[in-house]
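Protein chains: 2
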Amino acid sequence: MSHSWTVPASSALRARALGPIASFDPESTPGFDGDKDSGTELLAERGRALADLQELLYANGRSGDHRSVLLVLQGMDTAGKGGIVRHVGGLVDPQGLSIKGFGKPTPEELQHDFLWRIRKALPPAGRIGIFDRSHYEDVLPVRVHNLVPRSEWEKRYAIINQFESELVASGTTVIKCCLVVSKDEQKKRLAERLDRPDKYWKYNPGDIDERAHWDDYLEAYQAIFDLTDHDAAPWYVIPANRKWFSRLAVCELLIDALSGLELDWPKADFDVESEKKRLAAAG
Amino acid sequence: MSHSWTVPASSALRARALGPIASFDPESTPGFDGDKDSGTELLAERGRALADLQELLYANGRSGDHRSVLLVLQGMDTAGKGGIVRHVGGLVDPQGLSIKGFGKPTPEELQHDFLWRIRKALPPAGRIGIFDRSHYEDVLPVRVHNLVPRSEWEKRYAIINQFESELVASGTTVIKCCLVVSKDEQKKRLAERLDRPDKYWKYNPGDIDERAHWDDYLEAYQAIFDLTDHDAAPWYVIPANRKWFSRLAVCELLIDALSGLELDWPKADFDVESEKKRLAAAG
Numbered sequence: 009m010s011h012s013w014t015v016p017a018s019s020a021l022r023a024r025a026l027g028p029i030a031s032f033d034p035e036s037t038p039g040f041d042g043d044k045d046s047g048t049e050l051l052a053e054r055g056r057a058l059a060d061l062q063e064l065l066y067a068n069g070r071s072g073d074h075r076s077v078l079l080v081l082q083g084m085d086t087a088g089k090g091g092i093v094r095h096v097g098g099l100v101d102p103q104g105l106s107i108k109g110f111g112k113p114t115p116e117e118l119q120h121d122f123l124w125r126i127r128k129a130l131p132p133a134g135r136i137g138i139f140d141r142s143h144y145e146d147v148l149p150v151r152v153h154n155l156v157p158r159s160e161w162e163k164r165y166a167i168i169n170q171f172e173s174e175l176v177a178s179g180t181t182v183i184k185c186c187l188v189v190s191k192d193e194q195k196k197r198l199a200e201r202l203d204r205p206d207k208y209w210k211y212n213p214g215d216i217d218e219r220a221h222w223d224d225y226l227e228a229y230q231a232i233f234d235l236t237d238h239d240a241a242p243w244y245v246i247p248a249n250r251k252w253f254s255r256l257a258v259c260e261l262l263i264d265a266l267s268g269l270e271l272d273w274p275k276a277d278f279d280v281e282s283e284k285k286r287l288a289a290a291g
Numbered sequence: 009m010s011h012s013w014t015v016p017a018s019s020a021l022r023a024r025a026l027g028p029i030a031s032f033d034p035e036s037t038p039g040f041d042g043d044k045d046s047g048t049e050l051l052a053e054r055g056r057a058l059a060d061l062q063e064l065l066y067a068n069g070r071s072g073d074h075r076s077v078l079l080v081l082q083g084m085d086t087a088g089k090g091g092i093v094r095h096v097g098g099l100v101d102p103q104g105l106s107i108k109g110f111g112k113p114t115p116e117e118l119q120h121d122f123l124w125r126i127r128k129a130l131p132p133a134g135r136i137g138i139f140d141r142s143h144y145e146d147v148l149p150v151r152v153h154n155l156v157p158r159s160e161w162e163k164r165y166a167i168i169n170q171f172e173s174e175l176v177a178s179g180t181t182v183i184k185c186c187l188v189v190s191k192d193e194q195k196k197r198l199a200e201r202l203d204r205p206d207k208y209w210k211y212n213p214g215d216i217d218e219r220a221h222w223d224d225y226l227e228a229y230q231a232i233f234d235l236t237d238h239d240a241a242p243w244y245v246i247p248a249n250r251k252w253f254s255r256l257a258v259c260e261l262l263i264d265a266l267s268g269l270e271l272d273w274p275k276a277d278f279d280v281e282s283e284k285k286r287l288a289a290a291g
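Which chain is which? The protein sequence lines are A and B, in order. Under the working numbering, the first residue of the first sequence is numbered 9, with each subsequent residue one higher. Under the working numbering, the first residue of the second sequence is numbered 9, with each subsequent residue one higher.
Treat the hints with caution; some may be incorrect.
Stated by the list, open to error - Computed cross-link-like contacts, EDC-like style, restricted to lysine to aspartate or glutamate with a CA-CA straight-line distance of at most 16 Å:
no., chain 1, residue 1, chain 2, residue 2
1, A, 210, B, 279
2, B, 210, A, 279
3, B, 284, A, 217
4, B, 285, A, 279
5, A, 108, B, 279
6, A, 191, A, 206
7, B, 275, A, 206
8, B, 128, B, 174
Don't read these hints as lab results, they were simulated from the structure.
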């Protein structure tokens, strides 16, 4: 018998249901009772369900429905955000995705409020948007290093809540996933990047500097969960030491979000029978 | 024994090596001696090769290399352009793709020259761009229906050649694929869209009207091949009655384009040994 979720991912991984992030176990697989093999097998199966739902969303988007889904990915360096884009995003038609990575803001971006570049990258109707990092960077490194005065970053939580509730009101389903690796696992992954010439390009010396601020980052994440985890735009905390689990979990959360839209195939905006006749009569 | 290409796809499918498009056989599988099963099997295998090359391109793009690849897809309605995006694009990391579909120009686009919207959508460094329709629409429906005066569309072939040679000179490898279905096969595919409620959204009554101009479109495609098929930005003609073959062929052409870049993993822009020491010393 195949293993599966004993508790729905959307309950088992919800940020506010968990204890403090500092005592979270990145090796765990909350809600799932299977091992790597059964998880990998289930991902392939659920991937097909995700692809079907994505096509429904896309079809509706092409037919005038303005809804979209936005998956926000956050997490420490090496937590596997890129792997989620590749291995979960890769399960669906790439045409239906709108992927955007947010790095250090450009000079142009810095001349605008912090949500400017975010708003520009929101997914069009019918798409699944994936943000690899996001507006939450503006309360993560920005907070840890006080890149703007505390009085400014402190206000951002409320601004983010306001922004996200507007987003949801205008038809975007928002789910936010924080991938959590342990400090040891991060060290292992950084070491691998330094050991393999085909991984050098992923290595950034700055990652070691950021590692020194590990606890400050945990505190900044805790503040995010405390202040911005709402039912309308929930935060999920994804243990990410086991990549197979984090991929399975995010896939499941996306399925849950898409299922919530209760989509059906768009009705024909033409007369089917008369089109059939026209086609039969055509050369 | 597995079947494979008896002639490289880049030779067997090159537009200028073929006779007139009007006598082209959309059922054929030029250069490939296998059937559907062996073609499907080969696609899975070659898909992994494509994914590896795409990762190399992406890695180089992230490390300062400005090169990119652009796949231009054209073809009659129902020829399977979307299927190529899904099934060939879907073989690689979606993060490395830059997909853009071009529909009827918007009022804003019409206020600019016809290449304006094209230039805005060119792939960033390290990406594989896929254009689902392209600037060639401006010498296809535009020519067939004289949406601009003949004196204007006639000039566009030279403008396109100039544009593409600039593009190539600035580091974008361009390959152009025209998917060709037979008129009978199109009728079958349109009928299927009218028979299946899950396909209504793909049906457009205008497709029947365009079908009445079939020969004019063939003539317009012939002009494109005659005037814009250059070694620097070649046209390939892909028989598309058999979807498995068109997907296999485009995958192979992409592999060929990427291999031509002779990419290697980017060198480290940091001192590997001293970073190893820093990491070991870090907490």
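Hint by hint, here is what the structure shows:
{"no.": "1", "hint": "A:210 - B:279", "verdict": "holds, 14 Å"}
{"no.": "2", "hint": "B:210 - A:279", "verdict": "holds, 14 Å"}
{"no.": "3", "hint": "B:284 - A:217", "verdict": "holds, 13 Å"}
{"no.": "4", "hint": "B:285 - A:279", "verdict": "violated, 71 Å"}
{"no.": "5", "hint": "A:108 - B:279", "verdict": "violated, 30 Å"}
{"no.": "6", "hint": "A:191 - A:206", "verdict": "violated, 23 Å"}
{"no.": "7", "hint": "B:275 - A:206", "verdict": "holds, 9 Å"}
{"no.": "8", "hint": "B:128 - B:174", "verdict": "holds, 15 Å"}
The earlier numbered hints that this structure contradicts are 4, 5, 6.
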